[in-house]
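Q: Model the full assembly from the supplied sequences, consistent with the hints where possible.
Going line by line, the protein sequences match chains A and B. For what it's worth, my numbering labels the leading residue of the first sequence as 1, then goes sequentially. For what it's worth, my numbering labels the leading residue of the second sequence as 300, then goes sequentially.
No lab work stands behind these hints, which were simulated from the structure alone. Keep in mind that the hints are not guaranteed to be accurate.
Below, in silico cross-link-like pairs of lysine-lysine (DSS-like), each with a Cα-Cα straight-line distance of 25 Å or less [said to hold, decoys possible]:
| id | chain 1 | residue 1 | chain 2 | residue 2 |
| --- | --- | --- | --- | --- |
| 1 | A | K20 | A | K105 |
| 2 | B | K404 | B | K452 |
| 3 | A | K292 | A | K279 |
| 4 | B | K591 | B | K578 |
| 5 | A | K248 | A | K137 |
| 6 | A | K137 | A | K162 |
| 7 | A | K20 | A | K279 |
| 8 | A | K292 | B | K591 |
| 9 | A | K137 | A | K86 |
| 10 | A | K248 | B | K594 |
| 11 | B | K362 | A | K295 |
| 12 | B | K594 | A | K292 |
| 13 | B | K435 | B | K404 |
| 14 | B | K578 | B | K362 |
| 15 | A | K86 | A | K63 |
| 16 | A | K63 | A | K248 |
| 17 | B | K591 | A | K295 |
| 18 | B | K547 | A | K295 |
Taking beta-carbon pairs under 10 Å as the criterion, some of the chain A residues facing chain B (in silico) [said to hold, decoys possible]:
| id | residue |
| --- | --- |
| 19 | T103 |
| 20 | Q204 |
| 21 | H205 |
| 22 | G206 |
| 23 | R212 |
| 24 | G214 |
| 25 | A220 |
| 26 | P222 |
| 27 | R256 |
| 28 | H257 |
| 29 | K295 |
| 30 | R298 |
Quick list of the computed label-pair ranges, beta carbon to beta carbon [to be verified]:
| id | chain 1 | residue 1 | chain 2 | residue 2 | range |
| --- | --- | --- | --- | --- | --- |
| 31 | A | F95 | B | E523 | 38 to 46 Å |
| 32 | A | F18 | B | K591 | 52 to 60 Å |
| 33 | B | M389 | A | F95 | 30 to 38 Å |
| 34 | A | H111 | B | Q487 | 24 to 32 Å |
| 35 | A | Q56 | B | K385 | 32 to 40 Å |
| 36 | A | R154 | B | D391 | 27 to 35 Å |
Keep in mind the model is a prediction, meaning the values are calculated, not measured. Every residue, glycine too, gets a C-beta built ideally from N, C-alpha and C.
Number of protein chains: 2
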Amino acid sequence: MSILVVGSIALDTVETPFGKADDALGGSALFFGNAASFFAPVNIVGVVGEDFDVSQIEYLRQKSVDFSGLMIESGSTFRWGGRYHKDVNMRDTLFTHLNVFETFKPVIPPHYRDSELIFLANIDPELQLDVLRQIKKPRLTVLDTMNFWINGKRDALMELVKQVDVMILNDEELCDLTGNTNIYDGGQTLLEHGLQALVIKKGQHGAVLMDREGRFLAPAYPVERVVDPTGAGDTFAGGFMGHLATCKTLDDTAFRHAVIYGTVAASFVVEDFSFNRLKQIERTDLNVRFEKIRKMTRF
Amino acid sequence: MSILVVGSIALDTVETPFGKADDALGGSALFFGNAASFFAPVNIVGVVGEDFDVSQIEYLRQKSVDFSGLMIESGSTFRWGGRYHKDVNMRDTLFTHLNVFETFKPVIPPHYRDSELIFLANIDPELQLDVLRQIKKPRLTVLDTMNFWINGKRDALMELVKQVDVMILNDEELCDLTGNTNIYDGGQTLLEHGLQALVIKKGQHGAVLMDREGRFLAPAYPVERVVDPTGAGDTFAGGFMGHLATCKTLDDTAFRHAVIYGTVAASFVVEDFSFNRLKQIERTDLNVRFEKIRKMTRF
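A: Below you can see the structure in the form of structure tokens.
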């Protein structure tokens, strides 16, 4: 079952207590696609500049990631720079050069329009709505966003909440979006707007799944050495939807397992810069950590 | 199997977004004892002033809490005042009047010295060491502390870490005590000092148990309406040790269940001021939430 992701492709310059990466592959669509491709074929829609070295993504093509939705525009690729603190849960953005991403208008290629699972990575909610208009009725649509849009385009975002099946967001974003200080209250508010399920990410503290059957409290996989947290959220989403793409029934059990695969995928990506760690692992490595979490949560 | 706790007895004046309590019963020994008494007899050693109305603790006596270790000194009872923010995970201390607690020198009554489980609630580590000298070899000793002692009496604290079996502390305290920014690294450091197990509390994000058999990642029970978080940590410890007092074998399974009973006990106490909520519940209510957590973590 194929997955379509529409989002950013970026070159990240990242400093952490463990080192530095310059112009390393990043962006929501690539982090997502990389993680999801352990499970299912992925179709990517995004934009890069003429300076983008496509040979860098060749290994993803070989992992069944389809880049025929990649637009190459004149200009430079989106670049982001950040510096993480000694406590890697804190970071400062050093620069954000949108470049060709600033005028990104996603066009879904005809052969992508039948994708069964759709991930609307964090872009302008108006563009996310436009993507939904371009695709046929998919099996599952999942929405991500960020504080910038919550504050700036709340109406479009709430329209999306009505149209999609699942939303993934972090605890702060949830409180900003709903005005609740309690995440369970906030989650309930969004479910009442029509979501089938909601995943609240809490970084190193795990994630909470809320759906009509109840709540699932998932820990984060314990990582001893977080080298670079960049892309952890999108990688989580990739593991989450990757697993769902393998499920015949999208029920509470499928969603619970998907959350665990999400946290497992994220636990790998943060162990090194960019995609370095994801390049080293195979699907079985994800399964090993999945089972380890099972042991670490049983009582 | 009886439990001995040595700690503070206080009258708390607390303001939260949900209201205010004046001179309400509190202190680590009382919160702990209240929670633990759902499971086993509790012996309390603490001090109050002549102003303390002992009729207030009569209901605890009826719950098999023994107060023959309670000293009544001339002067006033320890008083603490705090104000919680809209985000109840943040608070400001408004005042701390130690009063008779300032010169507290715990004396363990002879008939308490055979207590099988000992909880050293947060007091001066020198006094905690003195308590250990007064008791016979117990089955299990559990240590709590706070940042104030970590910064001021580190050597005494590290001596305690060598002498006790289990330590309960929060993530920040762990990082302060060990100099690690990663809680798993920090936990490993303490285990290497001889602890049998370590419980790292993460407030609304749950707790992590580290012992020689591995790690247990426990969520917090989801509470929709946190009215007053005062005493949550000591109540957690009370549920934790209360359960252990019922176990024949203190193995990994016993500790895992104890952590869940800890988070369950804490989930009740925060739903109202002081002991108001704990007064309303029975042991079966703890079991109901215990099973709910099982359902919310299964996958």
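Q: Each hint needs a verdict: does it hold in this structure or not?
A: Hints, one by one, checked against the model:
no.: 1; hint: A/K20 to A/K105; result: violated (32 Å)
no.: 2; hint: B/K404 to B/K452; result: holds (17 Å)
no.: 3; hint: A/K292 to A/K279; result: holds (21 Å)
no.: 4; hint: B/K591 to B/K578; result: holds (21 Å)
no.: 5; hint: A/K248 to A/K137; result: holds (17 Å)
no.: 6; hint: A/K137 to A/K162; result: holds (15 Å)
no.: 7; hint: A/K20 to A/K279; result: holds (18 Å)
no.: 8; hint: A/K292 to B/K591; result: holds (22 Å)
no.: 9; hint: A/K137 to A/K86; result: violated (45 Å)
no.: 10; hint: A/K248 to B/K594; result: holds (23 Å)
no.: 11; hint: B/K362 to A/K295; result: violated (36 Å)
no.: 12; hint: B/K594 to A/K292; result: holds (19 Å)
no.: 13; hint: B/K435 to B/K404; result: holds (18 Å)
no.: 14; hint: B/K578 to B/K362; result: holds (10 Å)
no.: 15; hint: A/K86 to A/K63; result: violated (34 Å)
no.: 16; hint: A/K63 to A/K248; result: holds (22 Å)
no.: 17; hint: B/K591 to A/K295; result: holds (19 Å)
no.: 18; hint: B/K547 to A/K295; result: holds (23 Å)
no.: 19; hint: T103; result: violated (39 Å)
no.: 20; hint: Q204; result: holds (8 Å)
no.: 21; hint: H205; result: holds (4 Å)
no.: 22; hint: G206; result: holds (7 Å)
no.: 23; hint: R212; result: violated (14 Å)
no.: 24; hint: G214; result: holds (7 Å)
no.: 25; hint: A220; result: holds (8 Å)
no.: 26; hint: P222; result: holds (5 Å)
no.: 27; hint: R256; result: holds (4 Å)
no.: 28; hint: H257; result: holds (6 Å)
no.: 29; hint: K295; result: holds (7 Å)
no.: 30; hint: R298; result: holds (8 Å)
no.: 31; hint: A/F95 to B/E523: 38 to 46 Å; result: holds (41 Å)
no.: 32; hint: A/F18 to B/K591: 52 to 60 Å; result: violated (40 Å)
no.: 33; hint: B/M389 to A/F95: 30 to 38 Å; result: holds (31 Å)
no.: 34; hint: A/H111 to B/Q487: 24 to 32 Å; result: violated (51 Å)
no.: 35; hint: A/Q56 to B/K385: 32 to 40 Å; result: violated (46 Å)
no.: 36; hint: A/R154 to B/D391: 27 to 35 Å; result: holds (32 Å)
Hints 1, 9, 11, 15, 19, 23, 32, 34 and 35 from the earlier list are contradicted by this structure; the remaining hints agree with it.
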